[in-house]
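Chemist: Residues per chain, in single letters:
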Amino acid sequence: MTKRIRHNGGLTQSRIYLGKFLRMFVFQNDWKVLPLGALIAALVTFVVGTNIFKTQEGTQMGVFALVCVSIWNGFFNSIQSVCREREIIKREHRSGLQMGAYIFAQMIYQLLLCVAQTAITLAVCSVAGVTIPAEGVVTSWGMLDTGITIFLITYTADMMALMVSSIVRNTTTAMTAMPFLLIFQLIFSGSFFHLSGFADKVKYLTISYWGMNSLCSIGRYNEQPMVALWNMLVKFENIDIEGYTPLKDLLVEMEKNGYRDDFLLWAGQQNGIPEYAAEAGNVIFNWIMLAALLIVFVIVSVVALEFIDRDKR
Amino acid sequence: MAVFQTYLSSQLRSIFLWALFSIGLWKLSEKLNWKHRWMAWVPGLRYMALGNSLDMAREGIVCGVVEILIDIFYLVTSNYTIQNENLSVALDLAVLILIVMLYVYRIRFFIRLIRVFGLKTRWILLWLIAEWIPVLILGFGKQYQPKDLPIQEEWVAGTSPAEIAGAEGVHSLTASETGLSVDLYERTAKDFLKKRYLLKDISLDIPNGSLVMLLGGSGSGKTTLVNAIIGYEKAKARMTLNGADIYRDYKRMKYRIGFVPQKNLIRGNDTVIRTVDDAALLRLPRGTKIRARRNRVHEVLDLLGLSAGAEGLVTKKSGGQLRRISIAMELVSDPELFVLDEPDSGLDGVIAREIFTKLREIADEGKIVIVITHTPDRVIDLFDKVIVLARDSGRVGRLAFYGSPQEAREFFGKDSMEGIVMSVNRKEEGGDGLADHFIASYAALAASEGGVTA
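Chains as they are written, first to last, in our numbering: chain A, 1096 to 1408; chain B, 1185 to 1638.
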């Protein structure tokens, strides 16, 4: 009986491809995503960074911007990474490449990229004067909680783009799909657009929704003052009722007696959102949901690539 | 009453426009040589027929199906009210997409039609205003005649192989224990529910140490045959390599076969040596010692003249070097069967000759090397055998010859390999159109020489 010859399995193949990707990071200018990510983070924090984690409005807007930056970074990392070398993968699949091993190598490589981008984003935020919560919700260090969330958002978006890149057959289609996916994430984040009915269910499939929830929880959104109501009252303070301006009198009285801050905090509590509760269980649940989406994207990527031999010549 | 009148007038208008378009298309179908001219009157089918006559069969089917779907939607919505609001919106969206799709395909058809009639592109404007106008003009205008009517073959190609006497008798009874044994009954593909024959009745034995040229015109099935031989696209066939069944044990056998595709499918931003080394890691058996692997990599790089710039990036290499890197990636695993799809594509004569000389050396090591090339005569002296594939009158790829280059010249009565290819090419392609004759002659010759069953 002849001895059956075995070839290198998935783990060795993943190691081969990881090495390839790391070399290409240097030679193929993939490193450019890092300074580009820093530039985008700087631009966003410059515009919306001052009030983040200070007031509810500032937090919501700033967190939304941070989520967008993270999703953008993740998308850009991998949207072309598979489809640009689809024919090469097809050739290598003929020679014994396992798609699971290839995607696993991509996952490790993209993970390193995403960790680096998270560090850069946090560094840029710190330099730009964004006050990251000192105290964490899950861990005792707020920076770590925030970092884990930004990393998970970036990495999940990265895997989503990897999935798209594995499904489509060329870079043009991938780049056409990307803005659509991004808009989908923004609209269905559940933050700025009122969602109802079926649309309200769709938000559970978005990275932005779970990312927003997690970051707002870590930023203790529900415990922050709400300024929008006060500003609104100020706008209407000159309303005249039979020669009196009761609203103005009330606001002046509140400011004179130092009740303004109490009022803002009270308004914030009334405006609390259950999904943003600053509880460890809530944040961990959001992380788990992001991880679950990530796993789904990875599985779809592998399955899609398994059909690569069906590509027409 | 007013509502009914509006409905009636809109229906009458639709019928009138349909009639105008259909009359024009019915007349046009005569000029386009439609087999079934009544199709001009049937929504959906008319686009299928139009597509077929313009050598756009696939587009014709898509367009026809889309038109039918839209008609069904209108029929349903004009008689029933969809209660579910979400479903209604989704259907509206779907129909909108279908309508856009239909118009894009129609424009494609009309552009092709304009080209066929040798008209100026501005005719498309007329089409955009009302498509029945140009159809009527082209249909009834005697001065408008098709100048460049495509050959209507796509729709029927491969659906009915030509009846060639003796062709089915070429199959071997037993597979050879050494070398490559090919015994292919048929290779078919499903295309829009139609069974198409791509290859039929090909049987040959190639001894080890042979350098074999695979010849044939465009569409004769060269790449299909190669893919069938190496087991990548399986056919109804038996393929054995040194006694081992390629199909039955494909997972193991694929490591004993090297296939170099036509394009240089290599990552540009990696070094040559790492590219070949990674290929070795992927293809060599588990447990191969690092030293043995590295020695093999260097051996292959030396053989193919790539050692000098091995530390350089792939992207910096010339066309000839890229081809050799692509060959090295497969050769590094020391395959018994080595198949190359146009390794000389895009290369000048000197570089191409250099590559084929290397392939000769590889064959001399006892391997079987099969090469597809479109410029055979400059290197034919290096080859041991020639396989000639030809498309029969039913557009199915078949074996027209297998033997030495000298035997091929005598069999076809030509003094060059290009001449041989021209003799089996169709007349429309500038060839002699003798494919059926040579397929039958070779089948008779193979049967008379024995080793094959009649």
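Note that these hints are calculated values from the structure, not bench results.
One or more hints might be untrue.
[Unchecked claim] Straight line, CA to CA, 30 Å or less: simulated DSBU-like cross-link-like pairs of lysine-lysine:
hint, chain 1, residue 1, chain 2, residue 2
1, B, K1447, B, K1569
2, B, K1447, A, K1185
3, B, K1219, A, K1115
4, B, K1542, A, K1115
5, B, K1374, B, K1211
6, B, K1435, B, K1569
7, B, K1331, B, K1304
8, B, K1500, B, K1447
9, B, K1304, A, K1185
10, B, K1378, A, K1115
11, A, K1185, B, K1379
12, B, K1438, B, K1473
13, B, K1435, A, K1115
14, B, K1326, B, K1378
15, A, K1185, B, K1611
16, B, K1215, A, K1115
17, A, K1185, B, K1420
18, B, K1447, A, K1127
19, B, K1378, A, K1185
20, B, K1211, A, K1185
21, B, K1219, A, K1185
22, A, K1185, B, K1374
23, B, K1611, A, K1115
24, B, K1500, A, K1185
25, A, K1115, B, K1473
26, A, K1343, A, K1330
27, B, K1611, A, K1127
28, B, K1438, B, K1598
29, A, K1298, A, K1149
30, B, K1379, B, K1611
31, A, K1351, A, K1298
32, B, K1611, B, K1331
33, B, K1331, A, K1185
34, A, K1185, B, K1215
35, B, K1374, B, K1219
A quick note: this is a predicted structure, and the numbers were derived from the prediction, not measured.
Chemist: Take the hints in turn and mark each one as holding or not.
Modeler: Quick rundown of the hints versus the structure:
1. B:K1447 x B:K1569: holds, 25 Å
2. B:K1447 x A:K1185: Distance ~12 Å between K1447 (chain B) and K1185 (chain A) Cα, so the pair holds.
3. B:K1219 x A:K1115: The hint is violated at about 57 Å.
4. B:K1542 x A:K1115: holds, 28 Å
5. B:K1374 x B:K1211: violated, 33 Å
6. B:K1435 x B:K1569: holds, 29 Å
7. B:K1331 x B:K1304: With Cα atoms ~13 Å apart, K1331 (chain B) and K1304 (chain B) stay inside 30 Å; holds.
8. B:K1500 x B:K1447: Satisfied, since the Cα-Cα distance of roughly 17 Å is no more than 30 Å.
9. B:K1304 x A:K1185: At roughly 42 Å apart (the allowed maximum being 30 Å), K1185 (chain A) and K1304 (chain B) break the hint.
10. B:K1378 x A:K1115: violated, 43 Å
11. A:K1185 x B:K1379: holds, 26 Å
12. B:K1438 x B:K1473: holds, 21 Å
13. B:K1435 x A:K1115: holds, 25 Å
14. B:K1326 x B:K1378: violated, 37 Å
15. A:K1185 x B:K1611: This hinted pair is violated, its Cα atoms lying about 36 Å apart.
16. B:K1215 x A:K1115: The hint is violated at about 58 Å.
17. A:K1185 x B:K1420: holds, 23 Å
18. B:K1447 x A:K1127: Measuring from Cα to Cα gives roughly 29 Å; hence the hint holds.
19. B:K1378 x A:K1185: holds, 27 Å
20. B:K1211 x A:K1185: violated, 48 Å
21. B:K1219 x A:K1185: Violated, at roughly 41 Å.
22. A:K1185 x B:K1374: holds, 22 Å
23. B:K1611 x A:K1115: Not OK: K1611 (chain B) and K1115 (chain A) at ~50 Å, beyond 30 Å, violated.
24. B:K1500 x A:K1185: holds, 23 Å
25. A:K1115 x B:K1473: holds, 21 Å
26. A:K1343 x A:K1330: OK: K1343 (chain A) and K1330 (chain A) at ~10 Å, within 30 Å.
27. B:K1611 x A:K1127: Violated, because 55 Å separates the two Cα atoms, which is more than 30 Å.
28. B:K1438 x B:K1598: At roughly 37 Å apart (the allowed maximum being 30 Å), K1598 (chain B) and K1438 (chain B) break the hint.
29. A:K1298 x A:K1149: The hint holds at about 26 Å.
30. B:K1379 x B:K1611: Holds, because 26 Å separates the two Cα atoms, which is no more than 30 Å.
31. A:K1351 x A:K1298: Status violated; Cα separation ~44 Å.
32. B:K1611 x B:K1331: holds, 18 Å
33. B:K1331 x A:K1185: violated, 42 Å
34. A:K1185 x B:K1215: Outside the cut-off at roughly 45 Å; violated.
35. B:K1374 x B:K1219: holds, 23 Å
Of the numbered hints listed earlier, those contradicted by the structure are 3, 5, 9, 10, 14, 15, 16, 20, 21, 23, 27, 28, 31, 33, 34.
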